[in-house]
Amino acid sequence: MSDAVLATQNLVKTFGALKATDDVSIDLRPGEIHAVIGPNGAGKSTLIQQICGGLKPDAGRVFLNGQDVSHHDTRARAQAGLGRTFQVSALCMEDTVLENAVLGAIGANRAVWRFWASALKTRELTDRAKAALERVGLSEHHQTRCGNLSHGERRQLEVGIALTLSPRAFIMDEPMAGLGAGGSKKLTELLDGMRAQAPILLVEHDMDAVFALADRISVLVYGKIIASGSIDDIKNSDVVREAYLGQEA
Amino acid sequence: MKVDERVCNALVLFGMLALPLWALAQDEPFTITLVTRAVILALAAVGLNIVLGFGGMVSFGHAMFFGIGGYAMGILAYHAQTYMPLDLGLFTFEGTKSMPVIWLVAMVVSAMIALLVGLLSLRTSGVYFIMITLAFGQMFFYFAISWAAYGGEDGLSIYVRNDFPGLNTLVPIQFFGVCFAILCVVLFLVARLRASPFGLALNAARQSGVRVETMGLDPMRIKLVAFILSGAITGLAGALFADLNRFVSPSMFSWQLSGELIVLIIIGGVGRLMGPVIGACVFVALEHALGGLTDFWHIYLGVILLCIVLFARGGLIGLLTGKESAHV
Ligand SMILES: Nc1ncnc2c1ncn2[C@@H]1O[C@H](COP(=O)(O)OP(=O)(O)OP(=O)(O)O)[C@@H](O)[C@H]1O
Ligand SMILES: [Mg+2]
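Sequences listed follow chains A and B, in order.
Using this note's numbering, the first residue of the first sequence is number 1, and each one after it goes up by one.
Using this note's numbering, the first residue of the second sequence is number 1001, and each one after it goes up by one.
I should point out that these hints are in silico values taken from the structure, not numbers from a laboratory.
Predicted model only: the values in this text are computed from it and were never measured.
Keep in mind that a hint or two might mislead.
[Unchecked claim] Once the Cα atoms are required to be at most 30 Å apart in a straight line, the calculated DSS-like pairs of lysine-lysine come out as:
| hint | chain 1 | residue 1 | chain 2 | residue 2 |
| --- | --- | --- | --- | --- |
| 1 | B | 1002 | A | 121 |
| 2 | A | 121 | B | 1323 |
| 3 | A | 121 | A | 185 |
| 4 | B | 1323 | A | 130 |
| 5 | A | 186 | A | 235 |
| 6 | A | 235 | A | 19 |
| 7 | A | 56 | A | 186 |
| 8 | A | 130 | A | 56 |
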């Protein structure tokens, strides 16, 4: 726990009678991809929201690099090093791909209170943005408006923007959602390389991707972690098969 | 025919400069005053456009800043012209007839009020934001009406236009020159602002607050700063407007004026650098051409507005350049 980049401690969140997060403690260690899987409505996005600051838990705490960030808002947690991607793309649809990435660079460089020089002509910002876009394979699309990107390209851009922040930990909510086989494979390769830079907490439905990437898997069902361990542990777990994998078979 | 936006912008400014010069040659001072009016309304709307166009906040109370600028001028000049210093206890305040000082006061006071109003209203959005800003505007309106020391409902007349070093501001073309120069400087600064990191972040905050927060930025603070800058510019325009008319009255605070500023931005093009300027020209031209014929000239304005909203979302500048949105 002490060397974890990110950790939650006994998080609880209820919506009325529904326990969406039930005493969840998970952590993320340097260099790893920790996958969180679970059926629809299990509470995965709710958990991510509490980690990133969008939802206030009823109880429990969140630590980033050993620092208690439970009372930080989204902005402060991002500054402290959380790089997040959304299940439903949250991009600036009217802006170009490059502008979206430059926004990340502005955040990373704390450059927002500059009123004079053009953002798109500031090398320190555009270099960072372009490097990130190159890694996710969007170099050809700098001038494309986000609204005109394909679904898959938007998912790539989500990851690209997170990269511009050079975060201490990536938090990704179903980055593969809606991607074709080809897209998933490309993104899987990309994430595989990213873990060296910062560990990834990966919520994902695509089991091929999870089995290809995860160092550890936690299974969330009805807001509760019912199992946690290596890929083999999870594949061979009766509890999991019964509660989750069994449903799909 | 599609015109490049920069060419279009330059043409509009050139026209605004050429018309008064032509009127000067023809000895038609009224036309000069009319264009000056358009320049000042354009400046007020350029201020509002930062909030409305770049930041996506529909402020229905911007007449508040226009009025504050107007009263800043009125009050300062009133004390100077009556030689009645205002005793504020700690120091007495003599008033001034110097335009630069008046402008500074108008902008600083507007900015401070914008800070307060922004802090209270920016937590809301959509209809609530419209209503809160409207309510603040109305508060100032009724306050001005009941402020008997400065004319109350009747307003305040300033007999001689204020001074600008080296100029005779009573000559229409010279006062026009002052206003036009200010508009050009502000447009230049706003163009820089829009392309700057701050401008990019403001534009992003309009589209997705969550996205901006996730980047470690505070959309609320960004919008607040935009609101303050916007209020200061509209306040400056108010001071010039009062000087143009040599008269201030509570009508400068009216919600109709807030509405007109919004309308002329929509006509010109929301979020476009020159949208407010084009809108102000059209507005003043219509007001002049139709206002003489019928008291109900606003109906025609309404028809134009409707056509633009329905068929030309990018406003007139969108039609001219063939690009519906501000982005390249
Ligand atoms: N703001 C809310 N108010 C009430 N209930 C909510 C709210 N947000 C989520 N829920 C409920 O909490 C449960 C968990 O939702 P959540 O979105 O976290 O699931 P998920 O695991 O991310 O599902 P999916 O795989 O479909 O993305 C669901 O039953 C959902 O309906
Ligand atoms: Mg989800």
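Can you list which hints this structure breaks, lowest number first? Per hint list: 3, 7 and 8 violated.
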